[in-house]
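Trainee: Read off the chains here:
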Amino acid sequence: MTNKKKKLNPKAQHYQAIQKKNETKRPIFTNCLKAFFVGGFVCFIGQLISTFYIYFFDFTEQTAGNPTVATLIIITMFLTGFGVYDHIGQFAGAGTAVPVTGFANAVISSAIEHRTEGYILGVGTNMLKLAGPVIVYGVFSAFIIALIKTIFSQFLGS
Amino acid sequence: MIFFWAFVIGGIICVIGQLMFDIFKLSPAHTLTTLVVSGAILDGLGLYEPLINFAGAGATVPITSFGNSLVHGAIQEAEAHGLIGVITGIFEVTSAGISAAIIFGVIASFIFKPKG
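For the protein sequence lines, the chains are A and B, in the order given.
Under the working numbering, residues 1 to 158 are what the first sequence spells out, in order.
Under the working numbering, residues 1 to 116 are what the second sequence spells out, in order.
Here chain B stands alone, though its shape is the one from the complex:
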């Protein structure tokens, strides 16, 4: 069942992105930034965690989960170490996405040649 909800919720988040492209005529950078910030706000309100439990990868794969895990790491560290944890903890949970993108970006630039 989680596969079905992953498909539906993931699809719906992509449709929201598509509507921002087409109706509000935002550039991809604006759209993605807006989605990340809204993911962060949703986690701040405590709504993103239930969504992950409900839809699994449907909530963790879209870019909104980026904002969620940034807030998550910050709050986790803040609970453990006080206010300074807000700064030190931000990349705690998100590190996988950013480091993987950077590492494989560099590797790709070694292997592949630009086309066209």
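Bound-form chain A, shown alone:
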């Protein structure tokens, strides 16, 4: 950061100072409150769905996560398609971005947005643009962690 600042000429530095002063302050507390209640509500619905799967199908507390996530993604598809999710997202911030519905919304909205460019080059290439980093670094870090854990338990532990 300090390196970057040194390269700027005085005019730009002055501009940055003004910009910093006039930047609208984010209402952090209200944002967090909204995120808490909306995010909690999404998880509450998730819990309803997974309780349903546990009682009516043969799922356990551990395995019910998968069908729950899939069901939430279907719901997200409709909310995104009808343009409702954007409004909720604007209000709730991270409350809708952090649950798996936010991941689904990122995939689905970019799929819809790029359909005019064609199904292969538009939908196919752009669908995972926003969700890509999550998958890439999720997989990579999972690989490293599982590798370390396996080496420890199989070769050093016994």
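Among the clues, some could well be false.
Just some of the chain B residues that point at chain A, by a computed CB distance under 8 Å [to be verified]:
# : residue
1 : M1
2 : P62
3 : A78
4 : L83
5 : A108
Ranges between beta-carbon positions, derived for each pair [stated by the list, open to error]:
#  : chain 1 : residue 1 : chain 2 : residue 2 : range
6  : A       : K20       : B       : I84       : 49 to 55 Å
7  : A       : K7        : B       : F54       : 46 to 52 Å
8  : A       : E61       : B       : H81       : 22 to 28 Å
9  : B       : F54       : A       : G118      : 42 to 48 Å
10 : B       : F54       : A       : T116      : 43 to 49 Å
11 : B       : N53       : A       : N9        : 57 to 63 Å
12 : B       : H81       : A       : K129      : 29 to 35 Å
13 : B       : K115      : A       : Y55       : 36 to 42 Å
14 : B       : F3        : A       : F82       : 53 to 59 Å
Derived from the structure by calculation, the hints contain no laboratory data.
Think of the CB as a built atom: it goes at the ideal place given N, C-alpha and C, for glycine as much as any other residue.
Once you've looked at the hints, dock chain B against the given chain A.
Mentor: Chain B in isolation, oriented as in the chain A frame:
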């Protein structure tokens, strides 16, 4: 009771995400990536499983569970088939989330037209 804890824990994870947006000024992609990686690390330390038992969907619905299930599948396969399982098992448990997102993304692009 699990409904209450699902609400509270899920809410808290979302607040952590919101704080990363507002205080550290990270983009949503950075925030989600960080959360996924921390979920993976928590599972590596063996802490995520107790959280799921405690909070149910409060732990499985946020994106952190993604990292958890990636690590979980890899370790499960590694226990069964040795070191190569780390690579073959990664998508074992997570497949539902990724395949559902892709399948319904494509279906949505058939049905819905972009707005605005």
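Trainee: Now look at each hint and say whether the structure bears it out.
Mentor: Going through the hints against the structure:
Interface restraint check for M1 (chain B): the shortest CB-CB distance to chain A comes to about 11 Å, outside 8 Å, so the restraint is violated. The closest approach between the C-beta of P62 (chain B) and any C-beta of chain A is roughly 5 Å, which is under the 8 Å cut-off, so the hint is satisfied. At its closest, the beta carbon of A78 (chain B) sits 4 Å from a beta carbon of chain A; the interface hint therefore holds under the 8 Å criterion. With its C-beta approaching chain A no nearer than about 6 Å, L83 (chain B) sits inside the 8 Å limit, and its interface hint holds.
Interface hint at A108 (chain B): satisfied, since its Cβ lies 5 Å from the closest Cβ of chain A, which is below the 8 Å cut-off. Taking the beta carbon of each, K20 (chain A) and I84 (chain B) are about 52 Å apart, inside 49 to 55 Å as hinted. For the pair K7 (chain A) and F54 (chain B), the beta carbons lie near 50 Å from each other, so the given range of 46 to 52 Å is met. Between E61 (chain A) and H81 (chain B) the C-beta distance comes to about 26 Å, which sits within the given range of 22 to 28 Å.
At about 47 Å, the beta-carbon gap between F54 (chain B) and G118 (chain A) stays in the expected band of 42 to 48 Å. Against the hinted window of 43 to 49 Å, the Cβ-Cβ separation of F54 (chain B) and T116 (chain A) comes to about 46 Å, which satisfies the hint. Judged by the Cβ atoms, the range 57 to 63 Å given for N53 (chain B) and N9 (chain A) holds: they are separated by roughly 58 Å. Hint check: H81 (chain B) to K129 (chain A), Cβ distance near 34 Å, so the stated range 29 to 35 Å holds.
Under the hint 36 to 42 Å, the C-beta atoms of K115 (chain B) and Y55 (chain A), about 38 Å apart, fit the expected range. Distance hint for F3 (chain B) and F82 (chain A): a CB-CB separation of about 27 Å, inconsistent with the stated range 53 to 59 Å.
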